[in-house]
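> Chains as they are written, first to last, in our numbering: chain V, 189 to 680; chain D, 189 to 680.
Heads up, a few of these hints could be off.
Note that the list lumps identical chains together, so a pair holds whenever it fits in one copy or between two copies.
To be verified - List of simulated lysine to aspartate or glutamate pairs, EDC-like, C-alpha gap at most 16 Å:
| no. | residue 1 | residue 2 |
| --- | --- | --- |
| 1 | 497 | 249 |
| 2 | 287 | 538 |
| 3 | 448 | 288 |
Keep in mind that the hints were calculated from the coordinates and are not lab data.
There are 2 protein chains.
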Amino acid sequence: MHIPLDRGSETPLYRQIEMFIRQCILSGSLATNTRLPAIRQLSRDLGVNRITIENAYAALEADNLVYSRVGSGTYVLKHEPLPPLPRAVPGAPWPLWQKEIQARSIAIRSQVPAEILATSKHPDLINFAEGIGDSQLFPSDDFRKVIQSIMRRDGITALEYGDRRGYSPLRSTISHVLATQGIQVHADNILITAGSQQAISLVAHLILSPGDVVLVESPTYSGVLNMFHLFGFKIVGVPVDQSGLQVEKLENILQLHHPKLIYTIPNFQNPTGTCLSGPRRHMLITLADRYNIPILEDDFVGDLRYEGKAQPALKALDPGGRVLYVSTFSKMLMPGLRVGFLIADGPVYDELLKLKGVNDLATSSLIQRALEAYVTVGRYQAHLRRTSVIYRRRRDAMAQAIYHYLPARVNTHIPYGGLFFWVQLPDYLSSEELLALASKEGVVFAPGLSFFPHGFEDACCFRLNFVSNPPERIEEGIRRLGIAIRKLENSQ
Amino acid sequence: MHIPLDRGSETPLYRQIEMFIRQCILSGSLATNTRLPAIRQLSRDLGVNRITIENAYAALEADNLVYSRVGSGTYVLKHEPLPPLPRAVPGAPWPLWQKEIQARSIAIRSQVPAEILATSKHPDLINFAEGIGDSQLFPSDDFRKVIQSIMRRDGITALEYGDRRGYSPLRSTISHVLATQGIQVHADNILITAGSQQAISLVAHLILSPGDVVLVESPTYSGVLNMFHLFGFKIVGVPVDQSGLQVEKLENILQLHHPKLIYTIPNFQNPTGTCLSGPRRHMLITLADRYNIPILEDDFVGDLRYEGKAQPALKALDPGGRVLYVSTFSKMLMPGLRVGFLIADGPVYDELLKLKGVNDLATSSLIQRALEAYVTVGRYQAHLRRTSVIYRRRRDAMAQAIYHYLPARVNTHIPYGGLFFWVQLPDYLSSEELLALASKEGVVFAPGLSFFPHGFEDACCFRLNFVSNPPERIEEGIRRLGIAIRKLENSQ
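Could you build all of it, start to finish, from the sequences and the hints given here?
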């Protein structure tokens, strides 16, 4: 077979050979079942490497133009049309496997029902429902400059995968910050995650299987309730009072339910704003030790304290490997950064690292580097102090407004830190019904139901975010809320 | 009780009251079991709101300084020491639950064993083992400018949570890019994820439970094998030839194993570099339809084609809701960006969105915005063209070097795109043993074992990344590899 080859061409020789034979087959000049020249023969004829011919034939075979028989050679294949595809029928049902997934679908509870926001036509809605800080205070301009200087400093490295545990200087910085809070942790026991949400989901995946029991505060953070629910865990709630999780009730529950994990928010709990008392912290650690149960401590806003003395973190009381600790910079800084972290001692760390790796390989290296630079130069601490002063004033403004505008039958406590007031209506009123009225008056909040595990619902509670609006908006919002509560009472 | 109050102070009244009583208790001037004044009484005496007193008492109760009896009043509590904690004993064993997790630990297979890299003392190691593009070509400077302008343009919004499905303009842009590749998809069916790794893990979590069977190509991407292994799935491999997954063998396997998912990389497969032929694509879709099995199509470098015509994506042949498609910008651009995406039609989309939400809430908004701007102004496309030209030359350089320096008994095929050569040693040689020798010569690669599901290992294969080094380094690396192969042969 004579094949013209251009040895000066950009096109590799095997491709020139392949394209020539392809043309012969498609044009019909090489008929079905014609035997192609033997590889050894053709490589000699054309003066090229044997592997060049092999690659040309393999490419033709890959496109179903030839087939090879071991020990016999390569033959032109009958040029057949593509096999028919299943037809796309407009309006046809989804495949069965999709319907099965749909059938076991679980509803996610949101803090403010979408339809409430959609139907409120109020031109100037005041939102107390959010779970985050005031975005107007986020140091976005500072942060832009830090990112800029990091990209200049680190160039490409800032955009590569980096250490799977997280950017090492950031882990060191976190260990120093935690030391000032009484938590002694080596940087190698810190795992950087995509927000604390991912940290919690890694722990949940590692420790629990569907059907296992997990203990939570009742009420607790709805994002974690949704997660545990979606993962198929059995959620058992332990009531909360003014001193946090009622640890005294725990031992009975441990013996009855044999939970695999205790999830707790000991500081400025979401949604109740309470802190776990010192004696209860000691009891909780003792019980976790005695009953061989890991504690997952979520310290989402522990550093947002406006007064009073902090109790030691559960992690600081941990005699060794009993407590997994998660926290985040997101709430304070910018939620969109998606950087949180997890602390774990013992063999469990490596297992969490593996899970993190298969889940998303690693967390954005650029943002970690920027955050490290920002914290190291003290800007984070300064921002925290500034923000705390502002948030404290807003808390006091909301407390004042609650006393002034809400009926005395409405009950609440003033939190020492964090983001939330937890408010209790008289028990014949429903916070869901109140929300519908309030949204018409121009104010929304997070009704209580979404914070309770199933079967523990308490409809008369709701959560107010006191940090996300300036004082005059807070006063106006609570005034509107007072009107809505009186309307609800009158309608009963 | 007389409590001096400073109404002009920054300290709220309830705090002043609380601090006063606290002092009295701690100093002993209020003895254990003393009854505090009734709330109504004290509020009248001090001329403050009832809730102010309640809050002061609640704060004292939270710190275990007082207790209240319903209907009776609030009493000073005996000031007791904290209950004892379990002691931290140096060298004590980890808790039992940690040992149990450790006992069911699964080894993760890495592409280049850490000890190989650690023990190679070669001063100028050439690395063909990586799974990504050449970081020197990443457009980091361009990207820095884009991030800068996005942060100026969007301010705070760029750092907030954003749409849980992903930044809407980025989803639109992706849908336009995919349309040019024959995939018709609405932006609402796109879900932005933290790299394609997260997209695959969401699909795996939603569709499979531990013990379920998943079909993969054998060999395939080790990162996904590790994931499926860690999640407890039974992995069944289907062999790959020059035309990709051997779909002809699939029907028997489907009937025998009843898999819940088929995971496939139809373009420039990792690690073999092969493309699934057109007829096999049709057959695969037909079988998935007939046997009610979802296909997970991983198109990690489909747009890195150096020659030849692309086959339609499986997603483009999907009659509706049969194929889940994942891809990424990471391989081409910057792996550290961690932005990938997933396409799903039908009810399965909402379920994947929920899982994404509980896993990490959302993907970094800032990086999504920057990526969208970068792609929209055509820089991504220009970068892709430039990179393809460079990568193609490197592929040709490696092909030349393989013909020139490796013995003819070593077998490979030239890929039309992607990142990898897949090389077969004569079957009496082991790529693991070769790696040990090669690292001493100053070159490393990814040995074959980590790419095979358990029980399907083929020790004589290995993977070479041809894009991550310039041509002269490629030639030198392959020259060293040739020396190592001859040493290995002589040692047998």
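> Could you run down the list of hints and mark each one as holding or not?
Hint check results:
Taking the shortest Cα distances, residue 497 and residue 249 sit within 16 Å of each other only across copies (15 Å), while inside one copy they are farther apart (75 Å). Taking the shortest alpha-carbon separations for residue 287 and residue 538, only the inter-copy value of 12 Å comes in at or below 16 Å, while the best intra-copy value is 37 Å. In this assembly of identical chains, residue 448 and residue 288 lie within 16 Å of each other by CA distance solely across copies; the values are 12 Å between and 29 Å within a copy.
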